[in-house]
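A.B. asks: Here the protein sequences come in this chain order: D and S.
245 is the number that this note's numbering gives to position 245 of the first sequence; each next residue is one higher, with no gaps.
192 is the number that this note's numbering gives to position 192 of the second sequence; each next residue is one higher, with no gaps.
Hints were generated in silico from the structure; no laboratory data involved.
Watch out, some of these pointers could steer you wrong.
In silico DSSO-like pairs for lysine-lysine, Cα to Cα no more than 27 Å straight-line [said to hold, decoys possible]:
id : chain 1 : residue 1 : chain 2 : residue 2
1  : S       : K84       : D       : K249
2  : D       : K244      : D       : K21
3  : S       : K84       : D       : K244
4  : D       : K231      : S       : K80
5  : S       : K21       : D       : K249
6  : D       : K249      : S       : K80
7  : S       : K61       : D       : K249
8  : S       : K138      : D       : K244
9  : D       : K249      : S       : K138
Computed from a prediction, not measured in an experiment: that's the story for all the values here.
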Amino acid sequence: MPVKIETKDLTVSFGDVDAIKNVSMEIFTNRVTAIIGPSGCGKSTLIKSFNRMNDLVSNVKITGQVLLDGENIYGTNYDVVTLRKKVGMIFQKPNPFPKSIYDNVAYGPRIHGIHKKEILDKIVEENLKKAALWHEVSDRLNSSAMDLSGGQQQRLCIARALAVEPEVILMDEPCSALDPIATAKIEGLIRTLSRDYTIVVVTHNMQQAARVSDYTAFLYLGKLIEYGLTKDVFENPQNDLTEKYLTGKFG
Amino acid sequence: MNRLLDTGLERLTAMLLQMGKVAEEAVRISIESFMTGVDVYERVEQLSDTLVRMNVDVEDKAFELIAKYQPVASDLRIIKSYIKISNDLERYGRYAWDISFIHKRLANFEKCEDPLAIIEEMGEKVISMVQVSIEALKTHNSELARKLIETENEVDALYFRHLDHSTEMPMSSRCLITNTLVVRYLERIADHATYIGESIIYIATGEKVVLR
């Protein structure tokens, strides 16, 4: 199984607190990997270390390695702009720019130097289609993204992320602000996109992890407790902590 | 803290153990009565019908728990296995019914020789397997469940021995058919005891074993 991202002994600390402790794991290419665990276990910190979002926190200290296609993204010569292009991110709360639907999707390509209208038109249509939003918005591309529903806004954010042709998509609780119908659409989309992209999803919702992912990682107090095929983790977890977390027998 | 699911699981367990009691009685009295020539057909039919109904109830309850709580890990293994075990217990009842039915319908002990010694030996083993399977179910005892395989092998050996020698037996067709059918039913009950053993090992360890 080809590996897209590999962490080696990754430790991420904020001040004196280790949010992630010695995590070594492989994220497989064109598979959906879910990261689950109780609040504060380090899920978001882990996913953010895959595109160096933690760098923005002032007192952060990162040791160990994160390899993307075999290259250490924390290496001194690694270009963060290239990294962010390769690794897109979707957040908990949909965060479209206060611009038109069209401009949201065209934003990234424009930054990367594409200005021809015909090319941008094509990119916008293609990516809105990939994000399963095209049919709902094709007749109002110039209206404000802020007028869309929450679920539509989240799919727009996915289209915006796809428009810069990433290889990996990180999703941090992508459905927690959405109703069940919008959630089902995003979940369906995650499965469809996994044909072409490597996807990592952080979720509080265990059933969502079970539904969308091929692999599941369980984190507890910053440590990787268990990692394996989702069907195995949910049917027969090997670690007692995983068993307790999944069945709600914690504390 | 008790989880909402726990109340449902306790109820499901109680239903299954009640089925175990009914099934054990059905198997025991049908075999014992066959050996002594007493007709218990009506009582066994009652017990078997009860098991059929309870099997449906267990399945309904299990589906309710799945729909309401989306169980995973050991909870899911228990519920999946209880559906299977419930079916095995229902089969215990059905084969017990078959034995008492054959006894009522075909056996005529005034004209037949005594029931074969092989049936007595198989019967004792089968009753003990049923009891062990239910005991293992009570505590999810996988070690006890594994012990079923030894007895299962012994029952199978007796079954094969009967088949190998049946045509040489100096008895009427009626008696031979009666005995052969009962031997076959006993062998099937032993199989279901083994299936229950496999389910218990799966609940306890997550391991999918085939004991047969």
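A.B. asks: Is the Cα-Cα distance between S/K84 and D/K244 27 Å or less?
C.D. replies: holds, 25 Å
A.B. asks: Decide if the proposed pair is consistent with the structure: S/K84 and D/K249, CA atoms, cutoff 27 Å inclusive.
C.D. replies: holds, 25 Å
A.B. asks: Decide if the proposed pair is consistent with the structure: D/K231 and S/K80, CA atoms, cutoff 27 Å inclusive.
C.D. replies: With a Cα-Cα distance of about 15 Å, the restraint between D/K231 and S/K80 holds, given a limit of 27 Å.
A.B. asks: Next pair to validate is D/K249 with S/K138; report whether the Cα-Cα distance is within 27 Å.
C.D. replies: Answer holds: D/K249 to S/K138 is near 21 Å, not above 27 Å.
A.B. asks: Would the pair D/K244 and D/K21 pass a check requiring their Cα atoms to be no farther apart than 27 Å?
C.D. replies: Roughly 21 Å separates the two Cα atoms, so the pair holds.
A.B. asks: For the pair we were handed, S/K21 and D/K249, check the Cα-Cα distance against 27 Å.
C.D. replies: violated, 31 Å
A.B. asks: For the pair supplied as a hint, S/K61 and D/K249, is the alpha-carbon distance within the 27 Å limit?
C.D. replies: holds, 22 Å
A.B. asks: Does the structure keep S/K138 and D/K244 at a Cα separation of 27 Å or less?
C.D. replies: holds, 22 Å
A.B. asks: Is D/K249 within 27 Å of S/K80, Cα to Cα?
C.D. replies: holds, 20 Å
Comparing the model with each earlier hint shows a violation of hint 5 alone; every other hint is respected.
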